[in-house]
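**Q** As a plain string of letters, each chain reads:
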Amino acid sequence: MTDRIQIKRKIVLLGDPAVGKTSLIKKYVLDVFNDQYLTTLGTKITSKKLTFPDQQNDREIELTLMIWDIMGQKEYKLIHETAYQGSKGAIIVCDLTRKETLHNLTAWTTSLFNITQNIPVVFVANKNDLAERIQFGDSEMLDVSSAYHSPFFLTSAKTGINIEYAFKELGKLMIKNQLSSDN
Amino acid sequence: MTENIEMRKKICLLGDPAVGKSSLIRKFVYNQFSEVYVSTIGTEVTKKDVMIDFHDSSQEPKKYDITLAIWDIIGQKEYRSLISRFYKNANGALVVCDISRDETFQNIREWISSLFGAIGKVPVIFVGNKFDLIDKNTFNSDDLIDISCRYGAPWITTSAKDGENVEIAFAKLAELMVRDTLHFERMTSLIDVLDAMIVDFCEVNGGLEIGMPLFKEEFTKIPGASLKEPKREIVKQLIQSLIKITRDNKGRMIADFQNSRFNNWLEKVN
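Protein chains in written order, with the working numbering: chain A, 1 to 183; chain B, 1 to 270.
This is chain B alone, in the form it adopts within the complex:
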């Protein structure tokens, strides 16, 4: 018999005030629900284990025992630098809106770009909460589908009140994080590192459209730089110039997060 693989993952719940972040956590962790709204001050961390069976095409199915540290973050998005700090080392997020209030859906884009802008791309699920409050017959999922296409992340509707899909949302995120971890564990070449670096750099600096020209400019400045056969020395040099741009655009803290990610990846491969 094979043993379960244990992992610890930090996840954040993001979204406007009163969309039900704390309620989702309470339902998931304690199976409780209360109608009384208490706004989260600062942040609260709760823990819960989830077990998932995971297999991808190249492997035998394996059992994972994942300890989730669930960070419930203040919904007032004006507390930007506080929020960026909470994101540090997060492995994934549920981005939550209240499906009965359209403005909370509109703000989802801001939340996801604040997350990716701080720590690069991590697995995310879009959650339309309070599904119990709306008429299911007239519910239109087009907007959720659209944003899920745009960010390549799944969406789900939940109700923290009656518990619908709550476990599934957390379990699905856990599965995406396992997939993500395996991807990084399997980094074997400098191309893999460069690939991840470019996407990370672009996400932090506003998406591929904005980030790619910035990357291109730095890359072509380095003599002998090649995408086909990247050399270690050149990747090191590139890290320094990319981090400098991130520092100018996003500040020292976010640049430091990025620097440590890049160097972790580079250490993995020889």
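Excised from the complex, chain A in its bound form:
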């Protein structure tokens, strides 16, 4: 029988207001999408389990993600800094229909790394379902994400496309990070 080890890690979702951070989490964790936009007050935490094989050590790793949804209002610096503490990974989100949210990805990443040092991140461009209003795509996302040697995904919290992949990829990177720091 294969061993199973359990680890629990905190991740944060960052990005401008109304890019869809809360919707992504809802879709991923509960599989519901709500068209109504409610500002996230402060922070909110949900959890989700992922399982990865660890063939090298002949075991399974069960990773519980504690997903922190942080409000997008940048002015609340202290709340952000406090919420970043202890994070082992992040999903940094922008909105395909608003180009300024793409430009802010770097600022979000910098503010995060100021607190956490380098941790695995995944970039997400959300609202891929709003085809007629999309203002940018793969090549712009590649520019940002390659600067951090990190992957990116185009997602839709409405249809659910690519959301699982984004979280799973982050989980994989975190485990890789963890295993390499163990050795």
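Honestly, the hints are just simulated from the structure, not real lab data.
A portion of the hints provided could be inaccurate.
[As the list claims (entries may be wrong)] A partial selection of chain B residues facing chain A, derived with a Cβ cut-off under 10 Å: (1) A196; (2) P223; (3) L227; (4) N249.
All C-beta atoms, glycine included, are put in the ideal place defined by N, C-alpha and C.
Given chain A, put chain B in place with the hints provided.
**A** Leaving out everything else, chain B in the frame of chain A:
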């Protein structure tokens, strides 16, 4: 030539009995060390000036002359209400463990939450003392790194015996306190005040995970409350309801400390 900026700061040294709090102070202030252990009864206050050069990106470098009032606090953590009283008006702390005794490290979490739980978030440095007693080749800093990530505070290893890093630990704390003071001096908007209030309220009531839902509940009760454009009247109302929760959770004294912090911040901005 510009004059030095003078500041007075109160700092506390926290940690289990016999981790070396008093020895660190003695080394730092008088450059003395003694192997004889005398447990601190109640509290002792020592003073020492430190000079630091500080600049952040928005300013010219400035020289600060900081008078530290260093409070050496009883290590028996059972004296909770006494200890909370000592924390009052502290501007920062060194949270000390004995790196050769693991249980003193485990208790660091309790010490920091008792500090933040009494006076909100202040600059802190984690100090692993008695570094002279351990084998440096097998020393593993993972746990210290972990706790420093969790609380967003730096860590350092020291030896009060041979003096290693002792000055640096105090100077680094002084620098963090200057940074913190500048941050509060630069509060200009109600958003800045609300931002600081929310973090303070959460830290006092057990961290963001616990505090944020409590805050949210109170905030949404107030008609017209908005995070984007907070109004003065609403912030005032919020202060009252948050203080009431802190009083229920933590008692009158801690609520009073918090109330005066909140009102100080609110007075700063118009």
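**Q** Run every hint past the structure and note whether it holds.
**A** Cross-check of the supplied hints:
Given hint, A196 (chain B) at the interface with chain A, holds; its Cβ is 6 Å from that chain's nearest Cβ, closer than 10 Å. Annotation: P223 (chain B) was flagged as interfacial toward chain A, and the flag is violated, the nearest CB pair being 15 Å apart, outside 10 Å. The beta carbon of L227 (chain B) comes within 6 Å of a beta carbon in chain A, closer than 10 Å, and the hint placing it at the interface holds. With 10 Å as the threshold, the beta carbon of N249 (chain B) stays out of range of chain A, its nearest partner Cβ sitting at about 18 Å, so the hint is violated.
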